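S.K.: Just so you know, the protein sequences line up as chains U and P, in that order.
First residue of the first sequence: 1, per this note's numbering; consecutive thereafter.
First residue of the second sequence: 1, per this note's numbering; consecutive thereafter.
Just so you know, these hints were derived from the structure itself, not from any lab.
The model shown is predicted, which means the values in this text are computed figures rather than measured ones.
There's no promise every hint is true.
Far from chain U, some chain P residues (derived; all Cβ distances over 10 Å) [to be verified]:
| no. | residue |
| --- | --- |
| 1 | 53 |
| 2 | 88 |
| 3 | 120 |
| 4 | 201 |
Some chain U residues close to chain P (C-beta under 8 Å, calculated; not the full set) [said to hold, decoys possible]:
| no. | residue |
| --- | --- |
| 5 | 13 |
| 6 | 16 |
| 7 | 20 |
| 8 | 64 |
A virtual CB, placed ideally from N, CA and C, is assigned to each residue, including glycine.
Each chain, letter by letter, is given below.
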Amino acid sequence: MDKKIEFLKEVIERGMGIYGPEIMENMLKESGIEMDIEGNIIFKTSEPEAMKKFFDKYSSITPVAKMNLQMLAKKHKILLS
Amino acid sequence: MTTYNEHEPHLIRGTEDIYWVGFADRKVGFSNNPYLIVDGDEAMLIDPGSRAPEHYRIVHNKVAKVLKGDFEKIKYMMVQHQDPDLCAALPLFEVIVDPDVKIYAQSRSALFLRYYGVNSEVIPIEDGDEFIFKSGRKLTFITTPYVHFAGSHVTYDHKTKSLFSSDIFGAFSINWSLYANEYYLEAFKAFTEPYIGSKKALLKALEKISKFEIKRILPQHGSIIDKDIDKYLEAAKNLDVAQWL
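If we strip away everything but chain P, and leave its shape as in the complex, we get (with noise of 0.2 Å):
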């Protein structure tokens, strides 16, 4: 069992430079995951999340731990769709990282991000294309429409095999833990099921995920899943969704 204070930035277990610099909200039942890869002098945030102050806090701090006050190192964010527990952070960061900065997100994501004010250049991606770190370090976007926005993708680190998966695998809970436990699939169920409209969209995206070779999916809600991935998998494609319709 790996242990972890959930006050301090994690080295996520298995890699050497993936940070989980996020925060669980526990009254509500929803943790925000923004991660952190640093690869050199190099690094990529993902999903910033919140631009609440007490939630922007601690992900700032968890930043600056992790990076040593060296913000400038953020050379790049990305976005995995255009909500705002993901995006709404972006404007208070791009004011202290890298003044060349560039966002990431999908085109069809990447349009709304100038009304949460931001300023940066926004790369807009498609389906299949590559971001390669200076270190030759490779990211895969993977798009992954309509689930749960037209907009979303997903992100395939070929050096960790990992796999950022936006809300996919997200969950509701107040028993959460950094890693997954016993109960998740059934936090993950309460979070999927009413939140992703078609199961089509669904299969479309599990078919394009699992293409690649996974050992630790990485979601913006809930818990690290680094066990069982075939479980996951399998149980995603037997989900009921578009439960709230």
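Only chain U is shown next, with the shape it has when bound in the complex (with noise of 0.2 Å):
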């Protein structure tokens, strides 16, 4: 699988656990990104918008989140732009 969508992937994941399901799917919706049943990724715009919309969303209603996608970064040697 593509580093970038299994970072994506585990970012939703904590996701769930940080914000619950219904904040997690509002703030995919809005950055164009959907899952589907089987958990593929589908980009309604073009992957790298929507990955940033996505990211700025994530990181920007509590420090904590901002944290876990800093360190999941690392851990899959994704540089967040």
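Both chains come to you apart, so use the hints to assemble them.
M.R.: So this is what it looks like as structure tokens:
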């Protein structure tokens, strides 16, 4: 699996714990990202644009989510813009 | 499903005398969980928490409600490591509880309590030490070095088979509930992966904890776990800790 997608999936999983499903689903929807029932990621806009929008939202609500995002980026060796 | 009002002290389900007297800061996604054991005419306050007025006021008022204002019933306080989110309120409580209050802390944390302005007697504890209430109720202290501090310990209450787990099994969540919900495992990972610095230390702590029959886990942050205990113990073994290296 593309390492960026793997990273995104793990961020979404953690987000379910940090934010709960309702906030996470809204955040994904507003960012143009969908997840099908098999867990596949579908981008409604360009992948970099959707990801940036999602990560910005994810890290803007609480510092603990921002720290979590940074840590997972480090783990997956992803450079956040 | 247990109903509770988070603005009131809560008697932990399945127990007769352990109260949650904490609060959840949903803006940050960080809950603070001091607990109060009331055993006959003696009480122990565990990890009393923050001294920020908006935090201390909540814990103080909840303890007051449980004890009907009789703070002197608190003969003992215990802190499971030296961090301010557990210990900073010690000097505020020590002036209203029993004047002869004893404070229990692992020896490597006990050193630092004076820096909070604590004046009461501090009893340093070591691995396997026991505390016994007048009733005969026994607590066992289990040191958990480097999880996440050299002076960390957890505490097992034999009467209720409850583990006061300090930062182990804590969580970050703005979706907080007092009892762990179906998403708690991920919230637990979000807290634990960056805050525990050594897998070896974590596995050692889990090995020591696993020797006890545990009915509920009462962490200092996050939610109380009283179902699927084995699932959480197993998940903890497989965590990718020290991810902030």
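S.K.: None of the hints should be skipped; say for each whether it holds.
M.R.: Taking the hints in turn, this is what the structure says about them:
no. : hint : result
1   : 53   : holds (21 Å)
2   : 88   : holds (20 Å)
3   : 120  : holds (33 Å)
4   : 201  : holds (18 Å)
5   : 13   : holds (5 Å)
6   : 16   : holds (5 Å)
7   : 20   : holds (3 Å)
8   : 64   : holds (4 Å)
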